[in-house]
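Residue numbers (the working numbering), protein chains in the order written: chain U, 1 to 116; chain P, 1 to 116; chain S, 1 to 116; chain E, 1 to 116; chain B, 1 to 116; chain R, 1 to 116.
Among the hints, a few may not be true.
[Stated by the list, open to error] Each computed EDC-like pair below joins lysine to aspartate or glutamate, with the alpha-carbon atoms no more than 20 Å apart:
| id | chain 1 | residue 1 | chain 2 | residue 2 |
| --- | --- | --- | --- | --- |
| 1 | P | 28 | R | 40 |
| 2 | R | 28 | P | 34 |
| 3 | B | 73 | B | 23 |
| 4 | R | 28 | U | 81 |
| 5 | B | 28 | E | 34 |
| 6 | U | 73 | U | 40 |
| 7 | P | 28 | P | 13 |
| 8 | E | 73 | E | 26 |
| 9 | U | 28 | B | 13 |
| 10 | B | 73 | B | 106 |
| 11 | S | 28 | U | 115 |
| 12 | U | 28 | S | 40 |
Derived from the structure by calculation, the hints contain no laboratory data.
Chain residues, written in single-letter form:
6 protein chains.
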Amino acid sequence: MSQSLEEFRRFRESLNERILQSDHRDIKRFFALDTRAYEDGALPARTKELLGLVASLVLRCDDCITYHVVRCKEEGVTRPEFLDAFNVGLVVGGSIVIPHLRRAVDRLDELDAADA
Amino acid sequence: MSQSLEEFRRFRESLNERILQSDHRDIKRFFALDTRAYEDGALPARTKELLGLVASLVLRCDDCITYHVVRCKEEGVTRPEFLDAFNVGLVVGGSIVIPHLRRAVDRLDELDAADA
Amino acid sequence: MSQSLEEFRRFRESLNERILQSDHRDIKRFFALDTRAYEDGALPARTKELLGLVASLVLRCDDCITYHVVRCKEEGVTRPEFLDAFNVGLVVGGSIVIPHLRRAVDRLDELDAADA
Amino acid sequence: MSQSLEEFRRFRESLNERILQSDHRDIKRFFALDTRAYEDGALPARTKELLGLVASLVLRCDDCITYHVVRCKEEGVTRPEFLDAFNVGLVVGGSIVIPHLRRAVDRLDELDAADA
Amino acid sequence: MSQSLEEFRRFRESLNERILQSDHRDIKRFFALDTRAYEDGALPARTKELLGLVASLVLRCDDCITYHVVRCKEEGVTRPEFLDAFNVGLVVGGSIVIPHLRRAVDRLDELDAADA
Amino acid sequence: MSQSLEEFRRFRESLNERILQSDHRDIKRFFALDTRAYEDGALPARTKELLGLVASLVLRCDDCITYHVVRCKEEGVTRPEFLDAFNVGLVVGGSIVIPHLRRAVDRLDELDAADA
């Protein structure tokens, strides 16, 4: 894994800021919609983060997977629950998902090690 | 919507049967894995069906969406919960998801009308 | 082509209305962002509709293609310009785009016949 | 299956002709490249048609699948070979491929019935 | 961003050369079609590069995005025009496009800094 | 190419092991199905590896491409056969495949150099 979680966060924060500073009203609104999509509503934030994780797995976006793995962990998702969600992503999306699953598990191990 | 829910079900059942009758051991095992992925486990069936629904939305597969809309309803997912899940799919997958969202809402209306 | 342009429009309008009536604030906002994305801005509406058309081609969404073919024609896009845009979509997206290209050309012929 | 193999062929032929008549030089060249990609070369046509079939399955394009199922059958691909190729497509592409697999098997049955 | 624009260019040039040297006639013809797709025609090169950029965004290919960002800048596309094109890509393709948007903006900043 | 073939192999092996150790029965079964999909059957392993390679190309997964390039070479696939398979992937998947084709050719050169 070439990029640490810390580098990922720094690049993400810094570029998001540059995008929002460019002051394109509708891009800013899209970013706001994206944030709110995962807040408590009819479905709780925890479930929505799992939805975001599996959507990211089947669409095979490593950065999105990393983001939702971190958020799911903050919402208290347990290792067996992660594995069940990974399994849904794997069955729906097929073996093409496996390289992303490897990196997701690596991120999860990195987060668990930081906790220990 | 050219195909009724009833036609969808008949075609799905009949062809699944023909696929399983062809007796390719590993295709049969894949179908078994697919069924089990949505059964109660570390995550409950209800959450897993929502995961399947959003994965199907962002991958834009009408038949898969129809199947998971039906199953989510059987698991007691409410209209506001459906809308929250649709919203996650829409934000993650973008406006290209909208035609599938229209058909998903049409299916849901069809199911609700059948209930009434 | 199983569905006429008129049927497409009716289904689209009627379902969009049902989605907006369901009154999910953020889904409504997404629909508003989607509309505004194609309005005159730094880039003119005509160019943005061409962008929407080619994005729909490479993502292979027939309903989205139909919608943008209609809008491009309203913006005065000529047949040779359509063909150039189709060619970009075909080269970027590959032969998997061809079935959608066939349906796009059929829609364009249908629109031209209605004009004549 | 809403469209018969015969209707599929007629629409395909007629629209391909209209596209080629529009006389866009590079679209015509793309169509020529597409045809030649499946001709005997370092790999035989039979293998190339199987490659086209599995690529169409994982990209989930029904028209492309139908086309390559027909061509594979002309190249003498047997039912057990089809099932092995379908299985690769299913494992790589996941359960999202299943609705297309059902339609592929239905096409194959239609072709076999026409032979009988 | 692990790879500089200069490294990207060198790898791209060197491998394109190796591919063309392998002397597969139809791969060479595909590369020629790809080049010509963005030349002035019924639509000007500038518009075609914007089409290539948005197609690359929604298909989420960083290398293709980098290439078209560079070419758009050469064609005189302004920052507000880039943002409008990014917004179309974001709305059509959804939040899954955001990591690629971050890298696109980073490339654009890199190009502007080189100009200054 | 930031990651050597050796690093790719080590990361792949080590993470696959961690995934299998997590002891999720159905994830393990999926991995077993994935392995068996490429074994001799009605179609020989060599053909199946070519199917896996082209599926990986059109789905644009570098790790999967690397894996199948290595396996195809072990099965005795020759350079002209690789080029024919690459050409099918390129025509079906379009120019968006080109960056992955560059990396595939680079891997193949790396393997050939190791042989020499």
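Each hint tested on the structure:
1. P:28 to R:40: The hint holds at about 18 Å.
2. R:28 to P:34: Holds, at roughly 14 Å.
3. B:73 to B:23: 32 Å, violated
4. R:28 to U:81: 16 Å, holds
5. B:28 to E:34: 14 Å, holds
6. U:73 to U:40: 16 Å, holds
7. P:28 to P:13: Distance ~14 Å between residue 28 of chain P and residue 13 of chain P Cα, so the pair holds.
8. E:73 to E:26: 31 Å, violated
9. U:28 to B:13: Outside the cut-off at roughly 36 Å; violated.
10. B:73 to B:106: 14 Å, holds
11. S:28 to U:115: Not OK: residue 28 of chain S and residue 115 of chain U at ~40 Å, beyond 20 Å, violated.
12. U:28 to S:40: Holds - the C-alpha atoms of residue 40 of chain S and residue 28 of chain U are around 18 Å apart, at most 20 Å.
Hints 3, 8, 9, 11 from the earlier list are contradicted by this structure; the remaining hints agree with it.
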